[in-house]
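Assemble chain B onto chain A, guided by the hints.
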Amino acid sequence: MTLCLKGACVVDPANGIDGVVRDLYVSDGRMVAAPGGGEQADETIDLAGKVVMAGAIDPHTHIAGGKVTIARLLLPELTRPRPRASCSSCGTDHGEKGLSAPMPNCIETGVRYAEMGVTACFEPAMLPMNARHAHLEMADVPIVDKGAYALLGNDDLLLEMLANGAAAGTIADYVAWTLAATQAIAIKVVNPGGISAFKFNQRAMDLDEPHPHYRITPRQVLGAITRAVHTLGVPHPLHLHACNLGVPGNVETTLATIAAAEGLPIHLTHLQFHSYGTEGARKFSSAAARIAEAVNANPNVSIDVGQVIFGQTVTASGDSMLQYRGSRYAHPKKSVVMDIECDAGCGVVPFRYRDTDFVNALQWAIGLELFLLVRDPWRVFLTTDHPNGGPFTSYPHLIKLLMDRSFRNSVLATIHPEAQKATVLGSLEREYSLYEIAIMTRAAPAKSLGLADHGHLGEGALADIVVYPEDPDPERRFASPLYVFKRGDLVVRDGRCIAMPVGYVQTIAAEYDRGIEGPVAEHFERYRTVRVEHFAISKEELASFSGGRGAEVRAARRR
Amino acid sequence: MKPPCADERIRRANKGIPRVQGSLRPSPSHLAREMQRLNASGMPRSFLVCIARADSSAKTTPPYISIVPHRVVCPFCGLACDDVELRVAADRLDAEVDCARSRLRFGEQRLLASQPQVAGRAATAEEALSAAQQILDGGERILVTGLAVDVAGARAAIRLAQRRNAVLGHLASSRALPNQRMFERRGWITTTYSEARNHADCFVLVGTDAIGAYPRFVQRVAAPAQALFSSVADRRVHYLGPPDAALAGKLAPLALGLTHDAEGGAILDALLRITAGVRGVARSDEASTPAWVETLQRAKYGVIAWEAGRLPAPHAELIVEAILALIEALNVKTRFAGLPLVPDTTLTTTNQVTGWLAGFGLPVAFVDGVPTHDAERFSAARWIEAGVPDVVVNVAAWAGAPRARVASAREIVVAPALDAKQPAPEIFIPVAVPGVHVRGQIFRADGVVALPLVPFVEASVPSVAEVLARLEGVAAGSALA
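Note that the protein sequences, when read in sequence, are chains A and B.
Using the numbering used here, you'd call the opening residue of the first sequence number 1 and step up by one each time.
Using the numbering used here, you'd call the opening residue of the second sequence number 1001 and step up by one each time.
Please keep in mind that the hints were generated in silico from the structure rather than gathered at the bench.
Predicted, not measured: the structure shown is a model, and the values here were computed from it.
Note that the Cβ used here is the ideal one computed from N, Cα and C, for glycine as well.
Fair warning: there could be bad hints in the mix.
[Said to hold, decoys possible] Derived DEER-like restraints, expressed as beta-carbon distance ranges:
hint, chain 1, residue 1, chain 2, residue 2, range
1, A, Glu522, B, Ala1100, 28 to 34 Å
2, A, Glu522, B, Glu1385, 21 to 27 Å
3, B, Glu1140, A, Ala204, 56 to 62 Å
This is chain A alone, in the form it adopts within the complex (with noise of 0.2 Å):
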């Protein structure tokens, strides 16, 4: 079966092509060319013009595992049934009663994804031993393509080794197992040897101070690990939460953390957190011109913004450090913390961001700072760290703040009045065009994350479709695609989800020395509570989350 869509406004960088008027070809679930010789589709849709897109990637998102459903028990007074708007097309409100919360359930967020136009989202953090738990929860979210990146660097496991002065090559062993264990795509560190460090009570970790027990620095835990990211070939560079996130004056030490990874690949997650300075009456201001600088200047590093959005959310990390000191802060005044297995910790604090709060209007204002003042938009990719800056469901309203340059200063206009004498916001002129906006959602985590056939509309690709409305205002454009087809299947239709369709898990396999094994056995088996054949997934467990479908595997070539 072909489908036509006839008169598509094609934007797809990943391919060069801004806004050319073509028709797109789909069969089995991809792009394919026009068929020759005269033949016709089976069915055609005239879209007249109508921008397309492949489906937007979600490359840092909470959407899976422990710390995630903690953030959900923890909030059930703030879960709501949620109204559904009425239908563009016909004004009845045709849809499903769904829910609302800080922590949307697992069928919410796949289908509000979809709705956006979102068709595949990774899980950042999936700590080893939750491995199980994510892959669970995964399978429950419908729709999209999915995966996980594997949390490293305050496993004692890994910190034991290094403290040793293990090979390179063994930790490369190690870290490739441990993708293979848990059947991830990426590797992933937060805070290294700081959530290790918070168990022998230590409150606070520089990027060269020593860990209490090992005696080794977060610059060289994330050192070896970003190496070994490096040797393994695998696509997604070493995914870092840096050291001392939230922390007025953190800009040092995001700046000397770029410089710890010697011009190898590195991705710097919700960097907004990390841009702070200390200037001011009030001793915190906005560092994100030095940070962006540096990011400009660094073509090795990419980043995620991890913007702030104005409201009630929960943030859910498993830098347990920074959240149990940032617990006093939760708004309901509730948190949750944890020491993990021996593997790391997590911590769950409800927040909310004001506008008038000082602090939360300048985090507002840095995180646009950032996406405006960083050149290259093939190495910023658009996130609020849903749900820690906020919910996913506010990207359409952070694309129009980034498109649109009278609305976000009408916006800037409205925050603590401090915060706006302490930005420089009101100052960019940049407008992100549309072509911009689509290498940032599309093409760019594609790359990133090593997905051939995502994020693009060339012949052979997935035919993850988005067509959007044509509407003068990008907030309601992006928030209520007109269609949106998942592996050629339609799944939206004027914002609404109508089916669904279960998504692909995407892993990576990266080459390792089986020798590996018998160390990582023994150390289960002196000090675990779990037996290490019980810890791993295989391919045919996985599979079984998913009524037998397996995950997309891709082989990474060791350098």
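Chain B alone, transformed into the frame defined by chain A:
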């Protein structure tokens, strides 16, 4: 039709399990080659080959060989130990583990399936399913409970409750209700078993000897053979609860430190005084607490454990809250964490699954397909006590799980087997057991680790999920699709 003889039934039950080819009494080298073949095929690495015989009555029956996973997960308490060795003995499972509860519960599981029943008499599966559907079609206040199930069973129970606009509640939830209430009210700081095992230099047991909840608490968590960061010999366990002369013996080789005998409200009082001492707030009647205050503040990594279901009502919630306040106060200067002991993996499992599918924990009431959470209004225990439901669906994936009994309600039981000592329900639909007949997963009670349940016997009845899917009937409004 004559029922098949014992060895025929067992042979059928063993159909599809990998067998050692050829000889019935394989030589060690033959076994080794077979193990290699199985390992190369990608099956789990460690295997225990056990040789079992059929009933002794069938003297000519040859022994058969079944390959059982080397070590299996025990789902019968919140520790979820995964080092249990199983032997297959005719229709039964013999667990080799130093835990009486595990041996008892595994011993209750049967390899061979039970027969469906309608009104106490044998029926076909279709008859039972059809009769159950009719009962549910007529139900107005349906309670789906029991819920001694794994992840797949929990998912299916949620869908069934949604389709039928039922209330979904775990029968044992009152055991953990104080925890759920305090968690929702103020959150908490907790740890997990491996952390406690390696870090803790100080344990505090409140109102429990820990062994009652987790029989292997000492060898698996508190006093393991090896620990990474703190010496087991230097660890102390301090006890605050009803007098227990046998405590030192129960917890050996973990050394007993401070003990404070207290019952009921006195436990709460002691906790409050200790917390006040830790926070530096002056109190008049100090008695034993300065020793506690000083001891706890000297700890490097303290673990406070309690079993909510064993705390004295009506003080249970306040005691849990006081424990959490103490943990909070101690974390200002040192590291302490809670370890709530929950003697039931299925409570944690069903709560996690409901959390991620509905967006909050149990109990959940579905109204017009939309889930609502209200632990007071929809408490399964209160509904049962007040005789509210007109239909009760008792769901269990393991034999030996308790059943909710409501005199005025029609009862459907979906479980591997019936307890012969209890009156038969109106409908009984037998199901396969996860970790025996079908794949599954359960969560340990410390909430993070989900463990695989690997089957080794072919199922001859459907799984809980398959049966519950058949009971869904016509779809109601579906927020959870």
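Assessment of proposed distance window 21 to 27 Å (beta carbons of Glu522(A), Glu1385(B)): 52 Å, violated
Status of the given 28 to 34 Å range, CB of Ala1100(B) versus CB of Glu522(A): This hint holds: roughly 30 Å between Cβ atoms.
Distance restraint evaluation - Glu1140(B), Ala204(A), Cβ atoms, bounds 56 to 62 Å: 58 Å, holds
When each numbered hint is compared with the structure, a violation occurs for hint 2 only.
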